[in-house]
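Engineer: Model the placement of chains B, C, D and E with the ligands on the given structure of chain A, informed by the hints.
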Amino acid sequence: MNGRIALRHVSKVYGADPRTALLLLAQGADKQRVQAETGQHVGLYDVSLSIPAGGIYAIMGLSGSGKSTLVRHINRLVEPSAGQVLIDGEDVLGFGAARLRELRRRRISMVFQHFGLLPHRSVLDNVAFGRRVRGESRRQAQEAARGWLARVGLSGHEHDYPDQLSGGMRQRVGLARALASDTDILLMDEPFSALDPLLRDDLQTQLLALQAELGKTIVFITHDVEEAFRLGQRIALLRDGRLVQEGEPEAVRQAPVDDYVARFLARVNGGSVPRSTGSARG
Amino acid sequence: MNGRIALRHVSKVYGADPRTALLLLAQGADKQRVQAETGQHVGLYDVSLSIPAGGIYAIMGLSGSGKSTLVRHINRLVEPSAGQVLIDGEDVLGFGAARLRELRRRRISMVFQHFGLLPHRSVLDNVAFGRRVRGESRRQAQEAARGWLARVGLSGHEHDYPDQLSGGMRQRVGLARALASDTDILLMDEPFSALDPLLRDDLQTQLLALQAELGKTIVFITHDVEEAFRLGQRIALLRDGRLVQEGEPEAVRQAPVDDYVARFLARVNGGSVPRSTGSARG
Amino acid sequence: MAFFATFDLREPINRAVETLVERHGDRLHALNDLLLQGLLLPLERVLRQAPPWLVLLAVLLLAWRATGRWRVAATLTVACYLIGCFGLWDALMQTLALVLVATALAVLLGLPLGIAIAHSRRLRAVVLPVLDVMQTLPTFVYLIPAVMLFGLGKVPAILATVVYAICPLVRLTDLGLRQVDPEVQEAARSFGTTRWQLLLGVQLPLAWPSILAGVNQTVMMALAMVVVASMIGARGLGEEVLAGIQTLDVGRGLQAGLAIVLLAVVIDRVTQGFGRGRRPDGEPGARP
Amino acid sequence: MAFFATFDLREPINRAVETLVERHGDRLHALNDLLLQGLLLPLERVLRQAPPWLVLLAVLLLAWRATGRWRVAATLTVACYLIGCFGLWDALMQTLALVLVATALAVLLGLPLGIAIAHSRRLRAVVLPVLDVMQTLPTFVYLIPAVMLFGLGKVPAILATVVYAICPLVRLTDLGLRQVDPEVQEAARSFGTTRWQLLLGVQLPLAWPSILAGVNQTVMMALAMVVVASMIGARGLGEEVLAGIQTLDVGRGLQAGLAIVLLAVVIDRVTQGFGRGRRPDGEPGARP
Amino acid sequence: SAASTASPWCQSGKPVKVAGLNWESGELLTELLKTVLEQGYGCRVELVPSTTITIEHALAQNDIQVVAEEWVGRSEIWNKAAAAGKVKGVGRVIVGASEGWYVPEYVVKGDAARKIRPVAPQLASVRDLPSYKQLFRDSEEPAKGRFLNCPSGWSCEGVNSQKLKAYGLTDSYVNFRTGSGAALDAAIASAYQRGQPVLFYYWAPTALMGKYRFVRLAEPAYNEACFATLTDRNHPKPCGSAAPEALIQTGVSRAFHDADPVLMGFLTRFNVPLPLLNAALAEMVERKDTPAEQARRFMTAHPEVWRDWVPQDVAERLGARR
Ligand SMILES: Nc1ncnc2c1ncn2[C@@H]1O[C@H](COP(=O)(O)OP(=O)(O)OP(=O)(O)O)[C@@H](O)[C@H]1O
Ligand SMILES: Nc1ncnc2c1ncn2[C@@H]1O[C@H](COP(=O)(O)OP(=O)(O)OP(=O)(O)O)[C@@H](O)[C@H]1O
Ligand SMILES: [Mg+2]
Ligand SMILES: [Mg+2]
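Chains as they are written, first to last, in this note's numbering: chain A, 8 to 289; chain B, 8 to 289; chain C, 128 to 415; chain D, 128 to 415; chain E, 18 to 339.
Same shape as in the complex, but just chain A (with noise of 0.2 angstroms):
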């Protein structure tokens, strides 16, 4: 199975001698064996999954899990220690700097997990970032900024800078920056995690209405199961660097793999949530 996006036994290791860390892993040791021996952090480990064309592919996980390691491959934010990515069949890797340019201008645009705004910019110009990037004329590119900071609730505020925000106004000028990209691969990094259930609400519908008018592909990264569960058309799910089971969310919900897939989903099975004892781990 080759969807739009694949990766292929991506490990990634953050530190100075993956090699060793890869090692041990592949001797069955875990991210937390390997940060206490070598002192490096297991982001990812051996993790394949295709994303299919078209539609909104979600990914949940434990704090820690890797989700961000894993979004950042896909436009190559982050170099695996090992693995391959495909987009549309071809790997990302062998890319050189004019083509993964090109990738990044015309095909990925991204929602960052901690915003990512440029703090000398005002909104407006934040927003029109992406398209100013490849080219566009300064009218053109404020002309759709504009447009899309309505959609996202923040008309009146195209002359603040990021400083003068509250938290759930950053992380919308992050999404508007993204979707004013337009393009046909959507990475999303938590993109409502700070914002009330209104607004919430309504930039759902409006992703669904997106994703089903223009048929793009997101990737869409989220703690909240109900979230997912209504956006995703499959799911993935992630422990400790490992991807754990992963399909579409009526399959994951009637037959999770394990104890830690069942109380992950626990809330939308209509259960209350199962009291863990003792303390979280990470």
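FYI, nobody ran anything at the bench for these hints, they're computed from the structure. Computed from a predicted structure; not experimentally measured. Hints may contain errors.
[Stated by the list, open to error] Away from chain D, derived, C-beta distances all over 10 angstroms, residues of chain E:
#1 G30
#2 N251
#3 D325
[As the list claims (entries may be wrong)] Now the stretches of chain B that chain A is said to cover, found in silico as 3 or more residues with beta-carbon under 8 angstroms:
#4 128-136
#5 175-181
#6 203-213
[Stated by the list, open to error] Label pairs and their in silico Cβ distance ranges:
#7 E/A337 with C/P139: 55 to 63 angstroms
#8 A/G142 with C/V199: 36 to 44 angstroms
#9 E/A129 with D/A157: 21 to 29 angstroms
Note that the Cβ used here is the ideal one computed from N, Cα and C, for glycine as well.
Structural biologist: Using the frame of chain A, we list chains B, C, D and E with the ligands on its own:
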């Protein structure tokens, strides 16, 4: 009614000349008009509320409605443009530097929406920070810090630096830092927004236990209506810098003062969230 | 001391300089003349022949454009007028021409060099020690060979000034660029910026406060070199200072020294003013 | 030029200096003696009388403690040994004593001043122009009056060096502190830090890269002043340079100049090494 | 005739580059020279400011053509260049210059007006110096006295160092090299203004000599053989001798010298009698005039001096401008 913490007619305008903005507001202008006419941002306008001792007080509201601004008034990180802030009946604004410091050291600690971690210190030192500031020995402070790190699931990451952590892990460091201070007032600005459901659930449970055990007063900002209802003994709703409704969750649910509140709480009312027409408003 | 092996570079160096002068002296003298006739003298002529009120008016307008505040612009203009009152107008114009050219060269060379070493570890490992040498090798030491090679006058003076004044700019450009928040850079790169777009649109604006501090230091050092320049035949305010010192006329030296300070302040405020952008709400913002 | 009102400061300045010398010259000369006997000469004596191998060993250990790398430490020690091979060991020790005292003074005064102006707009408005003057007023101009007031030799040389070398440190400390992320500072303040705790625990560590750049520039400038210091009779490497220049012995001047450069590099690497903290994972981190 | 008084160099349109000296007598003589060249010979004159060493070097390279006041034989650079035939000294622009070891007059005779008692009434010769070492105490080595020498690199520095040996003063005096002429001047002026004793090397004509009253210490009379031991820096057993009278000429570059016999004729006769020069310098310092102003006054006041320098027709031209 005088609670542990009380705000009296507090207004906050961000900008060089708050007085003209306050005049406009007094004449009935809204936040948008003030911004359009004076270029200044209204954070809060004429908010009065009283937070009872020993309970969790949940604050909700649209993105940009002034929640973060409100809690910052309590430990006076923000000076109000008008109004009073009382803690245990004393006006915080009248405190000299020394008393304010004592207040922040021993009685109030805060979890920041954007974490506010010290990038040059290890996770352990970040968490021990509050205790070190008030003069505890390094060993003692670090011991307490280790305990809290374990409780938020970050054992093993003591010697990492913030830039090596995932978003949710950073949030937990901020959380542990505030909890490690062991003050009886806790200001928590969306403390669980970046966490997965399992961890969030675990931490909610811990927070409830902590509150019940030690009778802490907790001001809790959240966008998750269910969370607010699960944790909050009282709930306040803000909109565009004004306090819209305030009271016990049950009372608010049964008698929302307006359509805005009703829609906001739709989720816990069992009904599905009504679709808003057109675009969202911040 | 028997503890040290003896080891003498003096003779080889002397011989090397001598051969250099013999072989290339004429050509370099010609180069000197070229630069002089082509660049420096025309500028100097314009400045010296323009009526003082015109120059003052130019200062006023420029300072106003740069700082946006009439009060500051007027003060700077008065400072220049004051130098005229000291009877040093002509010397001022000569020094101004020299310093303008030297500063411009230092910025034109220093900024790209700083950018280059911020992006390449290897280049930095080579350039930083060279900067150490340029900044601490006593000016005199290379000034004399420079005079032998280029002849007396303004061109070697400018060279020496540039060599000395370029260092802080290179260092602070490098520092500023390396301190730019990696998360912001990553976000920008995710939109497919070219290196160039990233540099102009993100890195330079965010490093701008450091770079401006570097430009400030460059201007300061260029003016600190004015006296040294006059030791190898560049006329102007430095000459006055030297003459004041030699004749123990402290007042004459100090007055000319003050004129140099005033000139430094004027150039500094104008460059800093042009460098600093302004946010519409009055808070200072950076601009590339 | 009739356009300019004439306006002469020379006479008043000269008279002022003369009265100053007559009234306070003796007392200031006595102060000079005191500093000399109390501080500088003992240090110089220790350095000059210690056997060279001991000094080299100290350099080796210090450089190793600072940089944590034997290779670098060995290179720096060899650099010092090389100066000895040039036959300049004694001059080196004299210059070292001078530069150490001057740099230490510059850092001890400059850092607090930089911190102070970062925290007070009003103070900054006063101090920055003074720094402009200190940096651009030609050294000679105040050196000669300093000689008249304090006498010839090392003390006025140190004063002049401090005046010149302190400026970049003050400026860069100020810049670094003002660039510290306000959100981080706010978070720290929310725990009730005193100004002092905030400064030492948050602001200084985060401004540290800028401050280190300032210290680097201070060291560079202190060494650039060595030759100037020797112009008022401070002995050491600078004197060698001067003598080389005066006799057109380019080799002699350049060799002594190289010794100054090597000394600059050694002092710079050691101070930067001590300033730079290290994160356990090998990434550089700041430390206060 | 007109032909014999027209300067070939200036006729060819080339400017005469003259060293801009920066001590008083140098400044004044340069201005006088410039006046004659410009107004008498119609030359284009450019002043090039610089320090002594660069001047001498530039002269050797013909980067500049004239140095008004050159103390011949005092610098390594000049000696080398002269030996190589690149530079020439012409005329005797100053005659009767003196140099030696000095103390302020009040040290020996006191100064009633300034209420200074004579602290060393017996001090007359360099031989007396050892017993006065406490008077000239060195602050860095308080057990010794301090002798202010020339800056290292000046030829007088070597001579004075040898003299310290020759006069047996190495144990009682520190050989303090002042680093620069300006520092030497400042140290002397400061001591003088404070009425403090100070021992130093100095020379005339200089403004300081005109301004202050110094006493020259007696030395053994000039002796060629002994002086040779003084100029040899490494001679182990130098014997004392006063300096011979300094040779002060106008320095010209070889190219200029060969190209322009007419101007050489002028420079050969270019001279200002010492008393007149001292008076003019004192006046200049006193009135705080620029050298140019002082030169103008001199030209007006002393036509008898400059008429001797130049042929009749040039003198006429110069006179017409007065
Ligand atoms: N430093 C500032 N300068 C100017 N305006 C500000 C500043 N901080 C906040 N504001 C403005 O004040 C208003 C309230 O901001 P606040 O951060 O309190 O919102 P919030 O309720 O916390 O929103 P969110 O849920 O998005 O975090 C916003 O309109 C914002 O633009
Ligand atoms: N720059 C880095 N250096 C070192 N370790 C890193 C770095 N970035 C991430 N990691 C590590 O990689 C692991 C996965 O991080 P990642 O950010 O992908 O998690 P996540 O699933 O996005 O978590 P969250 O939901 O909290 O955002 C974590 O253990 C983290 O410590
Ligand atoms: Mg993440
Ligand atoms: Mg907020």
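Engineer: Decide, hint by hint, whether the structure agrees.
Structural biologist: Right, here's what the structure says about each hint:
| no. | hint | verdict |
| --- | --- | --- |
| 1 | G30 | 30 angstroms, holds |
| 2 | N251 | 15 angstroms, holds |
| 3 | D325 | 35 angstroms, holds |
| 4 | 128-136 | violated (count 0) |
| 5 | 175-181 | holds (count 4) |
| 6 | 203-213 | holds (count 9) |
| 7 | E/A337 with C/P139: 55 to 63 angstroms | 58 angstroms, holds |
| 8 | A/G142 with C/V199: 36 to 44 angstroms | 39 angstroms, holds |
| 9 | E/A129 with D/A157: 21 to 29 angstroms | 26 angstroms, holds |
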